[in-house]
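There are 2 protein chains.
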Amino acid sequence: MQTNQKLALLRAEMAKEGIDAYIVSNTDPHHNEYVADRWQCRAWLSGMKGSAGTVVVTAEWAGLWTDSRYYEAAEAALQESEIELIRMSDIGVDPIDVWLKSNLSAEQTIGFNGAETDLKQARSWIKSLKQALLKTRSDIDLIDLIWQDRPEAPKGTLFLVEDSYAGKTIQQKITEVREQMKTTGAEAYLLGRTDESCWLLNFRGTDIDSSPTPYCYTLITPDSVIFYIDPEKLTPTSTQKFKAAGITIKKYSSIVQDLQELDASIRILIAPNYISYKLTQALKHCLQIESRPIVTDLKAIKNETEVTHLKQAMIIDGAALVKFYTWLYSRLNNGEPVSELSASHKLEACRAEFDSFRHISFESIMGYGPNGALNHYAVDESTDQPLSSENIFLIDSGGNYLQGTTDTTRTIPLGETTQQQKEDYTAVLHSMLDLLTLEFAEGSTGAQLDGVCRLALWKYGKNFKHGTGHGVGFGLEVHEGPQGISGMTTEKMKLGMITTIEPGCYRTGQHGIRIENMVHTTISHETEFGRFFKFENLTFCPINTDLIDKSILPQHHIDWLNQYHTEVFRKLSPLLTAEEQTWLKHECRPIENAV
Amino acid sequence: MQTNQKLALLRAEMAKEGIDAYIVSNTDPHHNEYVADRWQCRAWLSGMKGSAGTVVVTAEWAGLWTDSRYYEAAEAALQESEIELIRMSDIGVDPIDVWLKSNLSAEQTIGFNGAETDLKQARSWIKSLKQALLKTRSDIDLIDLIWQDRPEAPKGTLFLVEDSYAGKTIQQKITEVREQMKTTGAEAYLLGRTDESCWLLNFRGTDIDSSPTPYCYTLITPDSVIFYIDPEKLTPTSTQKFKAAGITIKKYSSIVQDLQELDASIRILIAPNYISYKLTQALKHCLQIESRPIVTDLKAIKNETEVTHLKQAMIIDGAALVKFYTWLYSRLNNGEPVSELSASHKLEACRAEFDSFRHISFESIMGYGPNGALNHYAVDESTDQPLSSENIFLIDSGGNYLQGTTDTTRTIPLGETTQQQKEDYTAVLHSMLDLLTLEFAEGSTGAQLDGVCRLALWKYGKNFKHGTGHGVGFGLEVHEGPQGISGMTTEKMKLGMITTIEPGCYRTGQHGIRIENMVHTTISHETEFGRFFKFENLTFCPINTDLIDKSILPQHHIDWLNQYHTEVFRKLSPLLTAEEQTWLKHECRPIENAV
Numbered sequence: 001m002q003t004n005q006k007l008a009l010l011r012a013e014m015a016k017e018g019i020d021a022y023i024v025s026n027t028d029p030h031h032n033e034y035v036a037d038r039w040q041c042r043a044w045l046s047g048m049k050g051s052a053g054t055v056v057v058t059a060e061w062a063g064l065w066t067d068s069r070y071y072e073a074a075e076a077a078l079q080e081s082e083i084e085l086i087r088m089s090d091i092g093v094d095p096i097d098v099w100l101k102s103n104l105s106a107e108q109t110i111g112f113n114g115a116e117t118d119l120k121q122a123r124s125w126i127k128s129l130k131q132a133l134l135k136t137r138s139d140i141d142l143i144d145l146i147w148q149d150r151p152e153a154p155k156g157t158l159f160l161v162e163d164s165y166a167g168k169t170i171q172q173k174i175t176e177v178r179e180q181m182k183t184t185g186a187e188a189y190l191l192g193r194t195d196e197s198c199w200l201l202n203f204r205g206t207d208i209d210s211s212p213t214p215y216c217y218t219l220i221t222p223d224s225v226i227f228y229i230d231p232e233k234l235t236p237t238s239t240q241k242f243k244a245a246g247i248t249i250k251k252y253s254s255i256v257q258d259l260q261e262l263d264a265s266i267r268i269l270i271a272p273n274y275i276s277y278k279l280t281q282a283l284k285h286c287l288q289i290e291s292r293p294i295v296t297d298l299k300a301i302k303n304e305t306e307v308t309h310l311k312q313a314m315i316i317d318g319a320a321l322v323k324f325y326t327w328l329y330s331r332l333n334n335g336e337p338v339s340e341l342s343a344s345h346k347l348e349a350c351r352a353e354f355d356s357f358r359h360i361s362f363e364s365i366m367g368y369g370p371n372g373a374l375n376h377y378a379v380d381e382s383t384d385q386p387l388s389s390e391n392i393f394l395i396d397s398g399g400n401y402l403q404g405t406t407d408t409t410r411t412i413p414l415g416e417t418t419q420q421q422k423e424d425y426t427a428v429l430h431s432m433l434d435l436l437t438l439e440f441a442e443g444s445t446g447a448q449l450d451g452v453c454r455l456a457l458w459k460y461g462k463n464f465k466h467g468t469g470h471g472v473g474f475g476l477e478v479h480e481g482p483q484g485i486s487g488m489t490t491e492k493m494k495l496g497m498i499t500t501i502e503p504g505c506y507r508t509g510q511h512g513i514r515i516e517n518m519v520h521t522t523i524s525h526e527t528e529f530g531r532f533f534k535f536e537n538l539t540f541c542p543i544n545t546d547l548i549d550k551s552i553l554p555q556h557h558i559d560w561l562n563q564y565h566t567e568v569f570r571k572l573s574p575l576l577t578a579e580e581q582t583w584l585k586h587e588c589r590p591i592e593n594a595v
Numbered sequence: 001m002q003t004n005q006k007l008a009l010l011r012a013e014m015a016k017e018g019i020d021a022y023i024v025s026n027t028d029p030h031h032n033e034y035v036a037d038r039w040q041c042r043a044w045l046s047g048m049k050g051s052a053g054t055v056v057v058t059a060e061w062a063g064l065w066t067d068s069r070y071y072e073a074a075e076a077a078l079q080e081s082e083i084e085l086i087r088m089s090d091i092g093v094d095p096i097d098v099w100l101k102s103n104l105s106a107e108q109t110i111g112f113n114g115a116e117t118d119l120k121q122a123r124s125w126i127k128s129l130k131q132a133l134l135k136t137r138s139d140i141d142l143i144d145l146i147w148q149d150r151p152e153a154p155k156g157t158l159f160l161v162e163d164s165y166a167g168k169t170i171q172q173k174i175t176e177v178r179e180q181m182k183t184t185g186a187e188a189y190l191l192g193r194t195d196e197s198c199w200l201l202n203f204r205g206t207d208i209d210s211s212p213t214p215y216c217y218t219l220i221t222p223d224s225v226i227f228y229i230d231p232e233k234l235t236p237t238s239t240q241k242f243k244a245a246g247i248t249i250k251k252y253s254s255i256v257q258d259l260q261e262l263d264a265s266i267r268i269l270i271a272p273n274y275i276s277y278k279l280t281q282a283l284k285h286c287l288q289i290e291s292r293p294i295v296t297d298l299k300a301i302k303n304e305t306e307v308t309h310l311k312q313a314m315i316i317d318g319a320a321l322v323k324f325y326t327w328l329y330s331r332l333n334n335g336e337p338v339s340e341l342s343a344s345h346k347l348e349a350c351r352a353e354f355d356s357f358r359h360i361s362f363e364s365i366m367g368y369g370p371n372g373a374l375n376h377y378a379v380d381e382s383t384d385q386p387l388s389s390e391n392i393f394l395i396d397s398g399g400n401y402l403q404g405t406t407d408t409t410r411t412i413p414l415g416e417t418t419q420q421q422k423e424d425y426t427a428v429l430h431s432m433l434d435l436l437t438l439e440f441a442e443g444s445t446g447a448q449l450d451g452v453c454r455l456a457l458w459k460y461g462k463n464f465k466h467g468t469g470h471g472v473g474f475g476l477e478v479h480e481g482p483q484g485i486s487g488m489t490t491e492k493m494k495l496g497m498i499t500t501i502e503p504g505c506y507r508t509g510q511h512g513i514r515i516e517n518m519v520h521t522t523i524s525h526e527t528e529f530g531r532f533f534k535f536e537n538l539t540f541c542p543i544n545t546d547l548i549d550k551s552i553l554p555q556h557h558i559d560w561l562n563q564y565h566t567e568v569f570r571k572l573s574p575l576l577t578a579e580e581q582t583w584l585k586h587e588c589r590p591i592e593n594a595v
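Residue numbers (the numbering used here), protein chains in the order written: chain A, 1 to 595; chain B, 1 to 595.
None of these hints come from the bench; they were simulated from the model.
Worth double-checking, as some hints may not be accurate.
One copy or two, it doesn't matter: identical chains are merged, so the pair holds either way.
Claimed, not checked - Below, simulated DSS-like cross-link-like pairs (lysine-lysine); rule was C-alpha separation at most 30 Å, straight line:
hint, residue 1, residue 2
1, Lys101, Lys492
2, Lys182, Lys130
3, Lys459, Lys311
4, Lys6, Lys550
5, Lys534, Lys459
6, Lys311, Lys585
7, Lys422, Lys534
8, Lys243, Lys346
The model shown is predicted, which means the values in this text are computed figures rather than measured ones.
The following block holds chain A by itself, in its conformation from the complex (with noise of 0.2 Å):
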């Protein structure tokens, strides 16, 4: 069916509900950095995929809003629609609550989905709508009435993860989250975000491409944990093991009433940004806390045992790439044909050579040339470019191991390269290492450190627009809250997070640089005025030495690469063939002193 086609039964749908304005989105129940199939409500309607997009369709409009990431992929999308594409990252460009306030009217009614929408956007939709007398009606999934083929939710069964690899049993991971709500002065916690479920209970998910967590949710009291999850997810191990450890199992669709149903003095604890609007109507009786997640700092805390097999998945990863970049070089060099997408394809062949590996940690960024400038570029047939020796390829790309999540970015020539390339990758370069080797005293925030790493590429009038680096999850998501590296991160950098450092430069129409190492805060050392942290370096890959201009790059960089390629190969050559080792010795040789 056409776009248009579906917006006409939209819109009969909407005639017979009495609503003026429909929002539609791509989010979960749950709010999900990645979302299965059955929600893409938005891609489905629009036909315009990627992480960032809302429609509104009113009886005579319809609009896409996305920001920059998306607007060729959006404009490609909407070309055979009436829909209209809405620059929203333009400057002067009004959000959907305003433009809804500016073209209806007083007491005409929007509606949106509240089973799919969070607390926070449902909450700010109708307090700011509400300004202009419009009415909001939540209680509707009109999207549902006419997508005859919508999929279903997924049923991925789940697996656990042994007590040896999460280094912290059920059972304690539920007496920290219990102390934790005792200082919060709550008495239920209900963990909306899947990820939460799955590090206190020690299981991952196949539900959703990329992402290691099931729909599920968990009710957590001072004497009961309910886990809902459909049954069809659970083999008699994981069930056998989750009863053990004293867990209520119920169906995943049970939890509406069971919160309707919660006891009316209950002081409950939710997120609002991860719990959907619909589901805190249910709690509509109960004192609400409003909290971020208490697992979100608990998880981001990696224990020691988390940190020993992330090490160990790192080296994997890293040998992985070794194998892939061979390979790739081997092919180049014999003048037979590879593209990004056979690149992809190879790249994740090569991380499944190894028996931990479970799936890519995200859909792989191999940037080509030009392709490399564009942030969040998701190759795909109608993207795809083959390589050639006129230019240097972008590839950030990580996987899920049982031993921990991975994610590493490279920039690599595949022939000759100009002086500018040099630079650019040089000042990127001095850029991250600047950062990975700071010392920092402690609480210091994200934006801080994000500042530091920045100060390499002002110098020379460079910047980049995207955040400097994101936490990681341990074998869960790979972007994993709270802490990050960016401008607008207040979050304070704490021992034992895992985070990536991932500066940038990018010239639109040429080429695109990121270097992208995964870092651990550890302690440095204690002053009279504090303590200090610093990061120890996780990823092992080899960092490319051709591009480098090195009468840019600090002495003490190029040694840190000195002994650091070192360290790559003595790490990762164990896992890799003769072929393998010859090509990362040569990558690994030292650099010379610049004359």
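Got chain A sorted already, so can you dock chain B onto it with the hints?
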């Protein structure tokens, strides 16, 4: 009356009203930083002065919550009373609402004065206490019932700021505000904080020490501007000017009734942290749009006229400081006694020599030796110390002139200095100059800049626990938002903003070092990556060079200082006597190159 007697009277009133706990703060109805004596309720009850502190009284207990800046002052003040000191900066100490939830039982009632508590604070208490089923009452002022000689609200005369100083007429500013109101959809905007009205209507007041803002409100709609102020504060000239600008003048107290009578269909913009809970109750029938004040962003971007005048103010203030330093060193060299307090008085007198001086912009911080290590140290008779040649002296002070507001910190040696003092001083200076000379990408936040500033200190294991800088008003408050430089500031640094840069280094019991200049954000250059900003230095006052360890200060900073001091001498000497010029000449001598 002793504190314990006051507590007895308060408890009697609490019993009459059925209040189980009563919260007493030092806040005025506008949430101003500097508060007239009438609203110093906590100081009156507990005897503890200082800017931060809240008392909670129950039938059997009383506690004063304050932060680490005031632990010593509070201990001294509370010695004779039953009020317990609650050290709220310490780890694990419950904030007031958590303490109340743990120590009171469901259905008990907590009281506070809603007329002197801002909406944000009131709402946060009410919401939190409700979680433990505690009740709140905000319609009572029990302190007023027992404080027999409570000062009246001040009646200082206001005066006008000529357009030639303000750079914009009242009418121009009203037009700008109305344009912003349109974009937020507000049909009325209540200017709650007093400096908003001062900026909009080009006047200043004399109600409060160190603060140029009188108690007043302004209510602006698309076709009216109502200025609420006590008529005693107006002169015929100001009344005439306001009337000529189409402004209606009403009594300060009539704001409540006017808000109550506002048409219910009107959408009114209020700032939750600058409006009393009581006033929002008067607005209950209207649609309240919560936002930060429109004026906040308009007044933060200084216009050319303001900047030109401020530059004059900085020269006058620099000259006043040189007059003070010349006097100080002359007395000390002659063996005449000087104390922190007498120095403070002299410094104010040096500023007052200039016609355009109105008042000091905050109580000067004069910290000799260990006193310099106490942040927010305010000298008074009880802490005053004689100055001698044994230690270094930190002077943080500023003036409010017709031409603008200044804020300068210098740390100077009074005799022999130690190597540690020199190393601390040089690291602070390095840090200050790193940020002052930085070129940074447009869109950078205060937190990113803060990180850059601290680098030079972190390198030596040093750090400081306050923010790096704050915005400064034009002839208005010395601390003015929205921007700032600290790990928590996500506000972007914009062109035209005026900000301080003031890193420090403090060793408890030994000495404190801080060096502070004010800067103006300007354009540096533009590249294909966007615009880059830089800071224009505004402060002209010698930076002591005897305390510099030249071996650890980069040559480009030494060069910068030499050029700076040439300019300092050129700008200030015309305002100085021959003796003062001689002193200044010596202070501005070039730093010899390190060998």
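How the hints compare with the structure:
no., hint, in the structure
1, Lys101 - Lys492, "between (38 Å within a copy, 28 Å between copies)"
2, Lys182 - Lys130, "between (36 Å within a copy, 16 Å between copies)"
3, Lys459 - Lys311, "between (34 Å within a copy, 28 Å between copies)"
4, Lys6 - Lys550, "neither (58 Å within a copy, 73 Å between copies)"
5, Lys534 - Lys459, "both (24 Å within a copy, 12 Å between copies)"
6, Lys311 - Lys585, "within (21 Å within a copy, 61 Å between copies)"
7, Lys422 - Lys534, "both (28 Å within a copy, 27 Å between copies)"
8, Lys243 - Lys346, "neither (41 Å within a copy, 77 Å between copies)"
The earlier numbered hints that this structure contradicts are 4, 8.
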